[in-house]
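If you count by my numbering, then the sequence shown holds residues 386 to 851, one letter each, in order.
No wet-lab data here; the hints were simulated from the structure. Idealized CB from N, CA, C, for every residue including glycine. The hints are all genuine.
Dumping the calculated SDA-like pairs for lysine to any residue here, alpha-carbon to alpha-carbon at most 20 Å:
| # | residue 1 | residue 2 |
| --- | --- | --- |
| 1 | Lys552 | Val450 |
| 2 | Lys666 | Asn532 |
| 3 | Lys666 | Met525 |
| 4 | Lys615 | Tyr566 |
| 5 | Lys690 | Asp668 |
| 6 | Lys552 | Met611 |
| 7 | Lys597 | Ile610 |
| 8 | Lys753 | Leu705 |
| 9 | Lys586 | Glu641 |
| 10 | Lys496 | Leu780 |
| 11 | Lys608 | Ser540 |
| 12 | Lys585 | Arg612 |
| 13 | Lys677 | Arg692 |
| 14 | Lys496 | Leu716 |
| 15 | Lys666 | Arg695 |
Derived Cβ-Cβ restraints for the label pairs, each shown as a range:
| # | residue 1 | residue 2 | range |
| --- | --- | --- | --- |
| 16 | Ile438 | Phe629 | 49 to 59 Å |
| 17 | Leu669 | Glu589 | 57 to 67 Å |
| 18 | Glu589 | Thr663 | 48 to 58 Å |
| 19 | Val743 | Gln437 | 22 to 32 Å |
| 20 | Thr538 | Gly499 | 50 to 60 Å |
| 21 | Pro553 | Ala693 | 40 to 50 Å |
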Amino acid sequence: MRFRRKAFLFFRQGVWYKSFVFKPIDRYLLKELIPPFLLGLLVYTFVLLMNQILLLSELFIARGVPLPTILRLMIELLPSILAFTLPMAVLMGILAGLSRLSTDSEIIAFKTLGISYTRLLQPILIFAFLGWLVTALFTMYLAPWGNYQWVRTLSSSVLARAQIQMKPREFNEAIPQLVLYIQEINAQGEWQNIFLYSAKKPEEPQLVLAQKGQLTILPGGNKAIMRLFKGTIYSFPLYDPEKFYRLTSFSSYEEEIDISHLIHQISPEKRVREKTITELKRDLSSLKEEIKLIQGSKTLLARAKERAYRTHLVEFHKKLALPLACLVFALLGLPLGASTRKGGRASGFTLSLIIIVVYYVLITAGEKLAVDGQIEPWLGMWGANIILTILGIFLFWGTLREISYHLRSKKLIAEKELVGRELAPLARRRLFSVWPRGKIWNILDRYIIRRFFWLFALIFLGLLIL
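When you get a sec, could you build the whole thing from the sequences and use the hints?
Listed below in structure tokens is the structure:
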């Protein structure tokens, strides 16, 4: 079977050069990394997304938020969640894939063939570089857009319902020029036995009695439709003293209500986490100029401007540092994954979980200290990357200093062949032997059950930590 080598070409001074040649070993390594990467991305994203939805579930159920609005909120949450879970999944893919290779002694086989750790690092860096590109797109542009849209959807579609929530057997005057009394509200939110007084026309106030009714908020959240069924309207024309009232019966009655005043008005100005990298650079320049004008002043305005500048600078560095974690994890993942001797992908999952917890604890603590002005903003955001990069270089340098396994591997192969020849007759007898008397579980059963419960415990622990 002949493999075709794929290369990246670039043009320089009239000559085409090959920058990197894809060999079968590169494709083999990438195939080992991609499945655990996709699994980690799915699990981490699902857990974090469900965590956010559960925090708001009580509000959704109590206010009767429709399913399309909930789905829209979930979609708008995804970019900011993926900005965090992509580096996590990259690390899990590298560690789980390399741990499987190391456990099955394939790393030793690579070294026996003369393939160094530096050579193995090339496809891993390409994998991490692609993760860096996608994560940078999310952190710099898509996540700010999602945060901006999420806040406005939550305000217009959910908080509006919270403001106009009706209670039975109480006079409600939240809607201007209307007094509403509802005797009962069923589980579907439908009203029973309604009393409504309307003063929208001062010269002709109205009293409405209806058996059923409901309120539907229109898209946008600024208006609502009140529907009443099987009722009577009593109109009192004050301009005509000869008529005391006018009676009108109806089977269905609708009225449009303006509820824009009930919605918590959000400033059109974006918050820090809703700004793209371009907007942050622009605002940093303007804030820097404003601080120069009031430099030396100790007023509250000066302090507020300085804190706003620090907050913007921290967010700016965060959008740059978070995607670079993919490359840092690649440098750290190779020596850790290749040194695993037992556990396979389960060990890689455990290692990735520990590193992720340490990384995000460091970056969260650094962000808080930087915003409070206790450390420099760049140090707060880049500190975790710097620490893990130094650790990764140290571990990688240690692996490069290892002596060659060529002779040792040959000896190991010879020993395995010798042991295999000696155990072959025993294996044939064991193949045709009956089930051992007095034993419920044999060695293979106990091994499979132990591995299953160990993997289950790791996944359960990971979900608890997240």
